[in-house]
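Enquirer: The chain contents come next:
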Amino acid sequence: MSAQDLPIDHGSPHDVDDAVLLRAAARQEPGAVEALVARHGDRVCGFLTRIVHDAAWAEDLTQETLLRALREAADYDARWSLRTWLFRIGRNLALDLLRREQSLRARSRAVGFVGSAPPAVVTAEHQEFQQALEQALQQLPEGFRSVFVLGCGENLSYEEIAAVLGISVKTVSSRLHRARLQLRTLLGRYQR
Amino acid sequence: MRLWPDSPCTRARRDASAMLDGRLDAAARATLQHHLHGCPDCTNELQQLARVSRAMHNLPPFRLADGMASRLRRQLATAPVASATPGQNAMRQRLDFWVSAAAAAILVFALGYWCGRKGAAPEERPAPAPDTAVESPPTIPPPRPVAPSHAVPEAAPAPNARFANFPGPVAPPERR
Ligand SMILES: [Zn+2]
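Chains as they are written, first to last, in our numbering: chain A, 1 to 192; chain B, 1 to 176.
The following block holds chain A by itself, in its conformation from the complex:
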């Protein structure tokens, strides 16, 4: 039985191999697009929100990313995780968008936690720290921010981050360290 013929178990989408799911979704098999969105949509959107700092843009970008992936499903190289590939497509789209929208910083639309789930029960102090972290992230250069978000938020390996961003593993290592140092400084007053 080839991987292509594996049944899609819509009840537990995480049991299905990502490559199989992607092909099934590209063929528009019932429930497959939903399963793909359920499995990867939130993470892709979270990453893109931190690149473009705008929840509505991030959602549009997520939709375009998934659409691209579905249309180019034949090009997916299963040696990489599907999430790595989606992050790479999404980041390229996001950077293109940012290049076109130079006035990003001047935009009045506030983002903060827009688009994120309401946090679980957390103390006001903790929530303030999280908000400060989101703001501090926006002060990092995009290349550093993406490395940090992918490494510490998404737990991607150095190799996977390198693949998403098109940089060397050594650069990933040094950017991750410098991002941590900068964030540590920016969040100095929260550090005990």
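I should point out that these hints are in silico values taken from the structure, not numbers from a laboratory.
Every residue gets a Cβ at the ideal spot worked out from N, C-alpha and C, and that includes glycine.
It is possible that part of the hints are untrue.
What the hints assert, rightly or not - If the Cβ cut is set under 7 Å, some of the chain A residues that face chain B in the computed set are:
#1 GLN28
#2 GLY46
#3 GLY153
Unchecked claim - The calculated label-pair distances, taken between Cβ atoms and stated as ranges, are:
#4 SER70/B x GLN139/A: 29 to 39 Å
#5 ALA38/A x TRP4/B: 47 to 57 Å
#6 ALA28/B x THR123/A: 33 to 43 Å
Got chain A; can you put chain B with the ligand on it based on the hints?
Expert: Leaving out everything else, chain B with the ligand in the frame of chain A:
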């Protein structure tokens, strides 16, 4: 080239991130841990870096608004995926190229023939020249079309017109 060897603290701080990410080999990890035992400053630094990383990991997850899947299905229905089998895209593009080349050759041949009939006497009809397009195949494969053949037609609704001209996904580099 370094004139002076790094101090133990400099080395420890440089290795701090690699330690947090599990990228230090056993020997370097042992050296760092040994240093941390006797150096509260470096221990404090490592704890701060760890806290920043943990905080990132613990940020609340994003939640997409409902309706993404149905929007995607609508878009796919408007312009369905042409092929989900590896290799077929490239094959289709090569076929498209040769079909276009043949069509162009026939058109040029027909035009030449027509002009010849109009302008020259039948016995002076010039030899048709346009077969070159068919006889000399390109040495490089045809480039991927900028707008794929399955792109959304002009008249179709384009919910994400902002992205209409964006480049397609880039394959990840080879794993080392
Ligand atoms: Zn020290």
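Enquirer: Now tell me, hint by hint, if it's right for this structure.
Expert: Outcome of the hint check:
Taking 7 Å as the C-beta contact cut-off toward chain B, the hint placing GLN28/A at the interface holds, the least distance being around 6 Å. Interface restraint check: GLY46/A against chain B, minimum CB-CB distance 4 Å, threshold 7 Å, status holds. The criterion of a C-beta within 7 Å of any C-beta in chain B is met by GLY153/A, whose closest approach is roughly 5 Å, and the hint holds. The beta-carbon spacing between SER70/B and GLN139/A, approximately 37 Å, falls within the hinted interval of 29 to 39 Å.
Restraint check, ALA38/A to TRP4/B: a C-beta distance of roughly 55 Å satisfies the suggested window 47 to 57 Å. The hinted window of 33 to 43 Å between ALA28/B and THR123/A holds, with their beta carbons roughly 37 Å apart.
Checked against the numbered hints above, the structure violates none of them.
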